[in-house]
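So the protein sequences, as listed, match chains A and B. So for the first sequence, our numbering puts the first residue at 1384; every next one is plus one. So for the second sequence, our numbering puts the first residue at 11; every next one is plus one.
It should be emphasised that the hints constitute simulated quantities derived from the structure, not laboratory data. Heads up, some of the hints might be wrong.
[Said to hold, decoys possible] Derived Cβ-Cβ restraints for the label pairs, each shown as a range:
no., chain 1, residue 1, chain 2, residue 2, range
1, A, Asp1461, B, Leu367, 56 to 66 Å
2, B, Glu213, A, Asp1461, 32 to 42 Å
3, A, Ser1431, B, Glu24, 21 to 31 Å
4, B, Leu249, A, Glu1435, 23 to 33 Å
5, A, Glu1435, B, Phe242, 19 to 29 Å
6, B, Gly489, A, His1410, 31 to 41 Å
7, A, Lys1456, B, Met322, 21 to 31 Å
8, B, Leu432, A, Thr1405, 20 to 30 Å
[What the hints assert, rightly or not] In the DSSO-like style, the derived pairs of lysine-lysine whose C-alpha atoms are separated by at most 30 Å in a straight line are:
no., chain 1, residue 1, chain 2, residue 2
9, B, Lys490, B, Lys366
10, B, Lys530, B, Lys542
11, B, Lys526, B, Lys737
12, B, Lys112, B, Lys492
13, B, Lys182, A, Lys1449
14, A, Lys1462, B, Lys660
15, B, Lys573, B, Lys542
16, B, Lys124, B, Lys94
17, B, Lys530, A, Lys1462
18, B, Lys317, A, Lys1432
19, B, Lys428, B, Lys94
20, A, Lys1462, B, Lys345
21, B, Lys526, B, Lys542
22, A, Lys1449, B, Lys530
23, A, Lys1462, B, Lys205
24, B, Lys492, A, Lys1432
25, A, Lys1456, B, Lys366
26, A, Lys1432, B, Lys182
27, A, Lys1388, B, Lys542
28, A, Lys1456, B, Lys205
29, B, Lys317, A, Lys1449
30, B, Lys542, A, Lys1432
31, A, Lys1462, B, Lys182
Just so it is clear, CB atoms sit at the ideal spot from N, CA and C, and this is done for glycine as well.
The primary structure of each chain is shown beneath.
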Amino acid sequence: MMNFKADETGDTGVVMIEGELTIEYAHELREILLRAMESVDYVVLNLSKMREIDLSCLQLLCSACKSFSRANKCLALDKNRPDIFNRAIMESGYLHRKHYGLECINKNCMWIEE
Amino acid sequence: MANIDQHIEVFKEEAFELISELETALLELEEAPNDNELIMRVFRAMHTIKGSGAMFGFDDLAAFTHEVETVYDLVRNGAISVTKELIDLTLAARDHIKSMMKASEGGEAVNEAKGREIITSLRNLMPDHQEEKEANSSPAPSPEESNSIFKPKGKNITYRIRFRPALDAFTKGINPVLLLNELHDLGDCRVIAQKDAIPALDEINPEYCYTYWDITLTTNQGINAIKDVFVFIEDDSALRIDVIDAGGKIDEEAGVIKLKEALTEQGCITPENFRKTGGSHKKLGEILVERGDITPEDINKILAEQKPIGEMLVDAGLTGSVKIESALAEQQHVKKVRQRQEKTETSSSIRVTSDKLDRLVNLVGELVTVQARLTQTSATRSDPELLLITEEVERLTEELRDNTMSVRMVPIGTMFTKFKRLVRDLSAEMGKEVRMSSDGVETELDKTVIERLNDPMVHLIRNSIDHGIESPDDRKAIGKPKEGTVHLSARHSGANVLIEITDDGAGLDSEVIRAKAAEKGLIDPDAELTEKEIFALILAPGFSTAKKITNVSGRGVGMDVVKRNIEALRGSIDISSKKGDGTTITLSLPLTLAIIDGLLVKIAEEFFVIPLSLVEECVELTREDVANAHGRQIANVRREIVPYISLREKFSMNGGKPDIEQIVIIEVDDQRVGFVVDDVIGEHQTVIKTLGRFYKDVEGVTGATILGDGTVALILDVPKLVQNTVKEEVLMSNNGKL
Chain A
1384 MMNFKADETG
1394 DTGVVMIEGE
1404 LTIEYAHELR
1414 EILLRAMESV
1424 DYVVLNLSKM
1434 REIDLSCLQL
1444 LCSACKSFSR
1454 ANKCLALDKN
1464 RPDIFNRAIM
1474 ESGYLHRKHY
1484 GLECINKNCM
1494 WIEE
Chain B
11 MANIDQHIEV
21 FKEEAFELIS
31 ELETALLELE
41 EAPNDNELIM
51 RVFRAMHTIK
61 GSGAMFGFDD
71 LAAFTHEVET
81 VYDLVRNGAI
91 SVTKELIDLT
101 LAARDHIKSM
111 MKASEGGEAV
121 NEAKGREIIT
131 SLRNLMPDHQ
141 EEKEANSSPA
151 PSPEESNSIF
161 KPKGKNITYR
171 IRFRPALDAF
181 TKGINPVLLL
191 NELHDLGDCR
201 VIAQKDAIPA
211 LDEINPEYCY
221 TYWDITLTTN
231 QGINAIKDVF
241 VFIEDDSALR
251 IDVIDAGGKI
261 DEEAGVIKLK
271 EALTEQGCIT
281 PENFRKTGGS
291 HKKLGEILVE
301 RGDITPEDIN
311 KILAEQKPIG
321 EMLVDAGLTG
331 SVKIESALAE
341 QQHVKKVRQR
351 QEKTETSSSI
361 RVTSDKLDRL
371 VNLVGELVTV
381 QARLTQTSAT
391 RSDPELLLIT
401 EEVERLTEEL
411 RDNTMSVRMV
421 PIGTMFTKFK
431 RLVRDLSAEM
441 GKEVRMSSDG
451 VETELDKTVI
461 ERLNDPMVHL
471 IRNSIDHGIE
481 SPDDRKAIGK
491 PKEGTVHLSA
501 RHSGANVLIE
511 ITDDGAGLDS
521 EVIRAKAAEK
531 GLIDPDAELT
541 EKEIFALILA
551 PGFSTAKKIT
561 NVSGRGVGMD
571 VVKRNIEALR
581 GSIDISSKKG
591 DGTTITLSLP
601 LTLAIIDGLL
611 VKIAEEFFVI
621 PLSLVEECVE
631 LTREDVANAH
641 GRQIANVRRE
651 IVPYISLREK
661 FSMNGGKPDI
671 EQIVIIEVDD
681 QRVGFVVDDV
691 IGEHQTVIKT
701 LGRFYKDVEG
711 VTGATILGDG
721 TVALILDVPK
731 LVQNTVKEEV
741 LMSNNGKL
């Protein structure tokens, strides 16, 4: 299950994901991220109740990062990153190691190791 | 049969090493629970112990280890997360495995109930379906399936793999991450996902796979094993596998060249473009330094200000940051593998029992003594041929001595690692949060010194945790981080090694120590003491400032024993502390206890040895100099006033002084002090002999040595002599005041 809620100011919103984030839900995720980007400037992605994530959805999040950045908007990950997300980005090679000293242009890059 | 026994012995030795390695890996894993490499280290250790154990008939050990290995198989597959509970249980399992090994050597019987308890708790961590699956699988491993220590391994080769699945890979049911996991199982693997082909949200087809990967893999399994991973999808994917390192020697060239190679080989940038960025390696700085136009410091300063080449490439828009990251990862991976390989090559070794080593050192000691005798004898006979041979023997003996000593040197890190567990267990026991860090682990010390240092170090660390580090709530209340730290460091300082134990706890309260010492009658209540001297009181017998006695420390019988142990090693303890900030205890220890370079001196008819490492210079002391000092024991050395101690007076030796005496100037605690002797004979290789228990309390001497002609020379305890003299003088001046 996933939903998007904008706050009263209309500047910030939260995309809340619960359960699985796998290819079956990829289209839904894309739609919701597009809607969030059109609605507000700052979106927080809350994955704390996510149970699984696969590569197709990791790709979508990466795609969303690019789109938000191009639109001068911000997509940030909620600080409660579940272990399953950390493991998925490590196994898939999406993780950026801090010690290489190259920072992502996006200051809220979600692939940077914690 | 004897051959089998020999193999079993080798298995046991290696198993104990693996058990140690397991403890280190687990403690590191606790700090980095998502580190796959560490999970694999734990898994491999368990796997090897299990497999080799089964091979040599240690069936109980194999069956028990198999249970733990099963859990870690689930951990590496992502089915179970690394938690504190898991680490606690695995450490307990590790201890149990160790006790099983010890029991097999005739040690204490294993507590089987404890083993069952650990297994039950581990099984409780497993998801239900896994438990069922396990129940159906065979419980014990076959020796063949094990990654045994005896299984021959091929040469490690590093491959660069670029893997680009077909766009429709997902729809065909292919999960590239599973393939990457298979690669991880083949060896040391670094995976970087390239995301530049992923389109923006409005263009992306969520069912397409746009990601491709750069993988650096070091494995001994051969290229076919890698190809096998991709066998079912190779027709639809773009796959390129190149060998990039076959264990050659470490490239001394600058990283720029390797980065250029990596980037151009991966097709990220053309060599021309790379040159445009200034990446071309001209070594202009080297030429300028050689010509004397600039200094190396200037170069370092400028280089520090310069942006790394990777950043420059990204800034110039020539390539993306992930491409740079991938190339850097490859560079670092190859470097790491080569260093590891070099380390393995250089540390290829044979096992020798320490008894044999001790005998060798004793024999070298005897040889050094005989060589001194030969030198002395040949000096009295004017035989040029004999002199020549003597010189040759002297040179070889010295070389043999140094080599033998170096064989006994072991890095202090082996001891520090053990303390990590101690800190973990103690802090848990006391409800405190303490982290141990260390540096200088490569510092080497004589094996015997390290062995005898263990107990004092354990006591000092216990004290730090028990009395020093505050409880998490107290720390929070005073604005300190909840987690306290105990830092161990080691470094060389001349012929000594300095070991520091630093904590960021409450520090020592000099007022409390002073009051306690006065109460116990250790000091006069009005005594004028420096802070250092007050801190040193905690080393006095029977001293304790702990408010309550715990089973960790605080019985007041510890610190004086620590001091005695350290002094028995010819070392010293220094304490510095700041109330509220923490305490640092510095142990200064000699590199070796067996043979030192000494300066042989003579007073009347007796010989003494002063450790050469402390000697700064020797100057003459004439009767005129003594007269000019008007009764004070000071000498003017190139307009510097140096106090001196007359060893003749100190040791109450009879006989008349020569007209010209010699002052041997040494440095202790950053102070220059002279020792007045009759004559300086010269450098002497000193084989240290202990004085025996009747003389163990004699202050001012640390041992003795036998000279070439059989005469005994005492080795002076220079710091102690200086300390005692200072104390006597303070006492005399106090009495003078009264």
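Hint check results:
Against the hinted window of 56 to 66 Å, the Cβ-Cβ separation of Asp1461 of chain A and Leu367 of chain B comes to about 59 Å, which satisfies the hint. At roughly 26 Å, the beta-carbon separation of Glu213 of chain B and Asp1461 of chain A lies outside the given 32 to 42 Å, and the hint is violated. Taken as a hint, the range 21 to 31 Å is violated for the pair Ser1431 of chain A and Glu24 of chain B, whose Cβ atoms sit roughly 45 Å apart. With their beta carbons about 28 Å apart, Leu249 of chain B and Glu1435 of chain A fall inside the hinted range of 23 to 33 Å.
About 24 Å separates the C-beta atoms of Glu1435 of chain A and Phe242 of chain B, a value consistent with the hinted range of 19 to 29 Å. With their beta carbons about 51 Å apart, Gly489 of chain B and His1410 of chain A fall outside the hinted range of 31 to 41 Å. Range check, Lys1456 of chain A to Met322 of chain B: Cβ separation about 29 Å, and the 21 to 31 Å hint holds. Roughly 45 Å separates the CB atoms of Leu432 of chain B and Thr1405 of chain A, a value that falls outside the hinted 20 to 30 Å.
Between Lys490 of chain B and Lys366 of chain B the alpha-carbon distance is near 51 Å, which puts this suggested pair outside the 30 Å criterion. This hinted pair checks out: Lys530 of chain B and Lys542 of chain B have alpha carbons roughly 19 Å apart, not beyond 30 Å. For the proposed pair Lys526 of chain B and Lys737 of chain B, the alpha carbon gap of about 21 Å is at most 30 Å, so the pair holds. For a cut-off of 30 Å, the pair hint linking Lys112 of chain B to Lys492 of chain B is broken: about 38 Å separates their Cα positions.
Between the alpha carbons of Lys182 of chain B and Lys1449 of chain A the distance comes to roughly 27 Å, so the proposed pair stays at or under 30 Å and holds. Taking the CA atoms of Lys1462 of chain A and Lys660 of chain B, the gap is about 71 Å. The hint is violated against a cut of 30 Å. About 15 Å separates the Cα atoms of Lys573 of chain B and Lys542 of chain B, which keeps this hinted pair within 30 Å; it holds. A threshold of 30 Å between alpha carbons decides the hint, and for Lys124 of chain B with Lys94 of chain B the separation of about 19 Å falls inside it, so the pair holds.
At roughly 56 Å between alpha-carbon atoms, Lys530 of chain B and Lys1462 of chain A are farther apart than 30 Å, so this suggested pair is violated. Restraint check for Lys317 of chain B and Lys1432 of chain A: not satisfied, since their Cα atoms lie roughly 41 Å apart, outside the 30 Å limit. Restraint check for Lys428 of chain B and Lys94 of chain B: the C-alpha separation of about 19 Å stays at or below 30 Å, so the hint holds. In summary, the hint linking Lys1462 of chain A to Lys345 of chain B is not supported, as the alpha carbons are separated by about 34 Å, beyond the 30 Å threshold.
For the proposed pair Lys526 of chain B and Lys542 of chain B, the alpha carbon gap of about 16 Å is at most 30 Å, so the pair holds. Proximity of Lys1449 of chain A to Lys530 of chain B is assessed by CA-CA distance (about 73 Å); at most 30 Å being required, the pair is judged violated. For the hint pairing Lys1462 of chain A with Lys205 of chain B, the CA-to-CA distance comes to about 23 Å; that is within 30 Å, so the pair holds. Restraint check for Lys492 of chain B and Lys1432 of chain A: satisfied, since their Cα atoms lie roughly 29 Å apart, inside the 30 Å limit.
Between the alpha carbons of Lys1456 of chain A and Lys366 of chain B the distance comes to roughly 72 Å, so the proposed pair goes past 30 Å and is violated. This hinted pair checks out: Lys1432 of chain A and Lys182 of chain B have alpha carbons roughly 29 Å apart, not beyond 30 Å. Between Lys1388 of chain A and Lys542 of chain B, the direct Cα distance comes to roughly 64 Å. Violation of the 30 Å bound is thereby established for this hinted pair. With a C-alpha separation of about 20 Å, the suggested pair Lys1456 of chain A and Lys205 of chain B falls inside the 30 Å cut-off, and the hint holds.
Restraint check for Lys317 of chain B and Lys1449 of chain A: satisfied, since their Cα atoms lie roughly 25 Å apart, inside the 30 Å limit. Taken as a hint, the Lys542 of chain B and Lys1432 of chain A pair is broken in the structure, with Cα atoms around 57 Å apart against an allowance of 30 Å. With a CA separation close to 35 Å, the supplied pair Lys1462 of chain A and Lys182 of chain B exceeds the 30 Å bound.
Of the numbered hints listed earlier, those contradicted by the structure are 2, 3, 6, 8, 9, 12, 14, 17, 18, 20, 22, 25, 27, 30 and 31.
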